[in-house]
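Q: Protein sequence lines, in the order shown, are assigned to chains A and B. For what it's worth, the numbering used here labels the leading residue of the first sequence as 1, then goes sequentially. For what it's worth, the numbering used here labels the leading residue of the second sequence as 1, then goes sequentially.
Mixed in with the good hints, there may be bad ones.
[To be verified] Simulated crosslink set (DMTMM-like; lysine to aspartate or glutamate; CA at most 25 Å straight-line):
1. 47/B - 176/A
2. 141/B - 55/A
3. 253/B - 269/B
4. 141/B - 176/A
5. 248/A - 55/A
6. 239/A - 203/B
7. 157/B - 226/A
8. 44/B - 236/A
9. 157/B - 236/A
10. 157/B - 251/A
11. 141/B - 242/B
[What the hints assert, rightly or not] Calculated from the model, a selection of chain B residues having no Cβ within reach of chain A, i.e. all distances over 10 Å:
12. 47
13. 52
14. 131
15. 140
16. 156
17. 245
Since the hints were derived computationally from the structure, they do not count as laboratory data. Computed from a prediction, not measured in an experiment: that's the story for all the values here. Ideal Cβ positions, reconstructed from N, Cα and C, are used throughout, including at glycine.
So the chains spell out like this:
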Amino acid sequence: MNILQKRVFKIHKNLRFLPQKCQRNINSLDQVDVNQQIKETKNLFEFEKEALDNEDFFGVKQLFTIKDLFENRVHLGHKEGSLDNRMLPFLYGSRQGQCIFNLDITKDYLVKALNVAAHIAYRDGIIVFFNRNAFNSHLVERYAEEAGQFSHTRFWRGGIFTNANIQFGSITRLPDLCIFLNTQNNVLTQHAAVRDSAKMSIPSIGIVDSNCNPSLITYPVPGNDDSYQSIQFYCEMFKKAVLLGKEKRRDLLQYNKN
Amino acid sequence: MTSLLNGVRRTNSLIPLLKQMKITFSTETVQAAPLAVNTQKVSKAMKAYLERAQEHDNFMKAQTIEFQIGKRHLANIMGADPENFTQEDIDEAIEYLFPSGLFDKKARPMMKAPEEIFPSRKAAEFDETGRPFHSMFYTGKPNFFQLLHNIVAEIRKAQYIEDKMIQRGRLPAETDRLDMTGFAWLSKTDLEKILVETISDLEYNNFLNTMNRLAAQPAAFKCREFALQYAKPLIDQSKISEIPKPQFDENGKQFITTYECLRKTARADVTIRFPGTGKVTINKDHDITYFKHVQSREQVLFPMIFINQLGKFDVEANVEGGGVSGQAGAIRWGIAMGLRSFVDSDVIEDMRVAGLLTRDYRRRERKKPGQEGARRKYTWKKR
Numbered sequence: 001m002n003i004l005q006k007r008v009f010k011i012h013k014n015l016r017f018l019p020q021k022c023q024r025n026i027n028s029l030d031q032v033d034v035n036q037q038i039k040e041t042k043n044l045f046e047f048e049k050e051a052l053d054n055e056d057f058f059g060v061k062q063l064f065t066i067k068d069l070f071e072n073r074v075h076l077g078h079k080e081g082s083l084d085n086r087m088l089p090f091l092y093g094s095r096q097g098q099c100i101f102n103l104d105i106t107k108d109y110l111v112k113a114l115n116v117a118a119h120i121a122y123r124d125g126i127i128v129f130f131n132r133n134a135f136n137s138h139l140v141e142r143y144a145e146e147a148g149q150f151s152h153t154r155f156w157r158g159g160i161f162t163n164a165n166i167q168f169g170s171i172t173r174l175p176d177l178c179i180f181l182n183t184q185n186n187v188l189t190q191h192a193a194v195r196d197s198a199k200m201s202i203p204s205i206g207i208v209d210s211n212c213n214p215s216l217i218t219y220p221v222p223g224n225d226d227s228y229q230s231i232q233f234y235c236e237m238f239k240k241a242v243l244l245g246k247e248k249r250r251d252l253l254q255y256n257k258n
Numbered sequence: 001m002t003s004l005l006n007g008v009r010r011t012n013s014l015i016p017l018l019k020q021m022k023i024t025f026s027t028e029t030v031q032a033a034p035l036a037v038n039t040q041k042v043s044k045a046m047k048a049y050l051e052r053a054q055e056h057d058n059f060m061k062a063q064t065i066e067f068q069i070g071k072r073h074l075a076n077i078m079g080a081d082p083e084n085f086t087q088e089d090i091d092e093a094i095e096y097l098f099p100s101g102l103f104d105k106k107a108r109p110m111m112k113a114p115e116e117i118f119p120s121r122k123a124a125e126f127d128e129t130g131r132p133f134h135s136m137f138y139t140g141k142p143n144f145f146q147l148l149h150n151i152v153a154e155i156r157k158a159q160y161i162e163d164k165m166i167q168r169g170r171l172p173a174e175t176d177r178l179d180m181t182g183f184a185w186l187s188k189t190d191l192e193k194i195l196v197e198t199i200s201d202l203e204y205n206n207f208l209n210t211m212n213r214l215a216a217q218p219a220a221f222k223c224r225e226f227a228l229q230y231a232k233p234l235i236d237q238s239k240i241s242e243i244p245k246p247q248f249d250e251n252g253k254q255f256i257t258t259y260e261c262l263r264k265t266a267r268a269d270v271t272i273r274f275p276g277t278g279k280v281t282i283n284k285d286h287d288i289t290y291f292k293h294v295q296s297r298e299q300v301l302f303p304m305i306f307i308n309q310l311g312k313f314d315v316e317a318n319v320e321g322g323g324v325s326g327q328a329g330a331i332r333w334g335i336a337m338g339l340r341s342f343v344d345s346d347v348i349e350d351m352r353v354a355g356l357l358t359r360d361y362r363r364r365e366r367k368k369p370g371q372e373g374a375r376r377k378y379t380w381k382k383r
């Protein structure tokens with residue numbers, strides 16, 4: 001075991017429970033909304049409480065196993081030389097100079113991210129899929145449409161979020177969640193939408209590879225963001241999570257009607 | 001984050017408005033959570049749109065009322081029945097009451113229903129919750145990027161077919177290609193019209209590259225229908241230069257008629273008959289003496305002189321408009337075009353080189369102010 005591997009191991013032990021902290025944050029945010037309208041209906045409040053108290057309300061944990069991650073090449077990072085030090089906690093080590101992700105950690109983060117996506121879909125939020133890799137863009141657009149959500153896989157014109165009212169000609173509703181299937185643009189610098197969504201306090205989920213900066217992403221998921229197969233896997237997962245959220249919502253509204 | 005409970009709150013002032021406006025949404029969009037619509041939650045974006053729409057509505061209502069009153073007044077002035085006063089009657093009345101010498105018809109006074117004068121507004125691109133219909137809405141040019149997406153889908157289809165062929169042990173033949181000869185991809189302005197979006201030169205180039213990539217697929221024959229939506233047929237040049245075959249008249253003579261022989265403002269149609277005696281008939285009851293000057297007569301006969309066949313063809317021409325040289329030139333061109341059917345290709349090439357088959361597009365140059373004519377200046381002496 002070389003020096004890099006030792007260092008990785010030490011740090012990742014300390015940071016293992018980060019996703020749960022994130023989860024608590026969401027819960028507290030939602031609680032505010034709930035308190036405002038608590039008087040209107042008790043019935044819905046109970047539903048909401050049930051959704052938030054249950055750690056895996058939509059059953060996203062059952063969507064995949066660590067073996068799936070491995071088979072879809074999620075563990076493969078970039079070469080050691082391009083490593084961003086902020087990604088160290090998520091690494092298992094390196095093999096022949098190539099960074100390898102710790103799939104145990106990735107699994108936790110991905111489950112949390114899927115849970116967030118499902119919750120947002122449950123609340124009828126707008127989810128936008130981002131990807132700047134031309135090779136995968138058709139795939140991402142297709143999955144976004146199938147999930148009944150939105151996609152942006154093209155050149156990012158500045159101000160789409162920060163100057164939306166001018167860009168779209170009138171008041172426009174911004175997305176409630178941005179999912180970045182890669183967080184870099186086609187010249188390997190950070191996608192401007194990452195910064196813009198952080199500015200507009202739009203929560204973001206991002207697949208962060210070993211050469212990416214996870215610090216502006218609300219729910220980072222460490223993993224391979226380049227190969228077609230892994231992107232297809234993430235798309236499939238997020239699509240399923242979104243559809244699970246929508247299904248629950250449909251049930252709820254049906255119940256509400258009767 | 002949107003709250004689930006927002007759905008229960010009803011914005012009472014806007015819902016009747018929504019119903020009254022009968023907004024219909026296109027079905028060809030992202031399935032924008034039918035649930036959201038059920039909860040009747042109205043977003044800021046929709047509120048703003050509804051306000052704008054209502055403003056426009058009120059404005060149009062006021063305009064319509066004004067138009068109705070104006071129409072009644074006009075009918076009374078003209079002594080007609082105000083109930084059955086049609087748009088045609090209005091136009092007539094306006095022309096009678098406000099005669100205008102302005103050349104452009106659009107600049108003359110008019111009175112039309114407000115729907116015809118004020119352009120219709122763009123419908124909302126999102127539903128009541130502010131959720132856009134199009135899955136690529138946030139790109140700002142959803143239709144264009146949807147088109148690129150669709151082209152790539154076609155490319156994938158072609159590649160799939162090619163793979164299947166190879167699996168069956170057959171390589172794609174030349175006939176399996178997408179044959180786009182005689183077609184050109186849509187121009188930027190045409191494409192913009194279809195998409196209802198403005199696109200940059202770079203984006204148009206992307207469109208061309210993607211289309212060419214589709215056309216280069218070895219097994220893209222099934223994508224023809226799709227590709228033709230974005231292509232325009234080229235004008236067939238060979239048809240124009242095709243030489244017609246002579247027909248036979250009741251005396252068994254070969255004849256050929258050339259219509260639309262134009263020179264300056266003259267217009268002629270010319271029939272030549274073979275074999276003939278060199279008789280020239282112009283406007284039925286004139287012969288070559290229709291032209292007073294020798295130069296014009298030479299012009300008419302020049303094609304026959306050029307091919308050494310003077311006296312072997314009869315010429316009948318009807319000519320109108322223009323002056324002497326224009327009429328002579330029109331007939332000359334008609335005869336030369338007709339003679340192509342009776343001579344071999346070498347002679348045709350000689351005629352072309354001599355300029356007999358070229359349409360002369362020169363027109364009269366206008367007179368300039370401060371000058372005597374087009375170029376000539378007034379006489380001017382310094383001292």
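Q: Where does the structure disagree with the numbered hints, that is, which hint numbers, in rising order?
A: 2, 6, 8, 10, 11, 12, 13, 14, 15, 16
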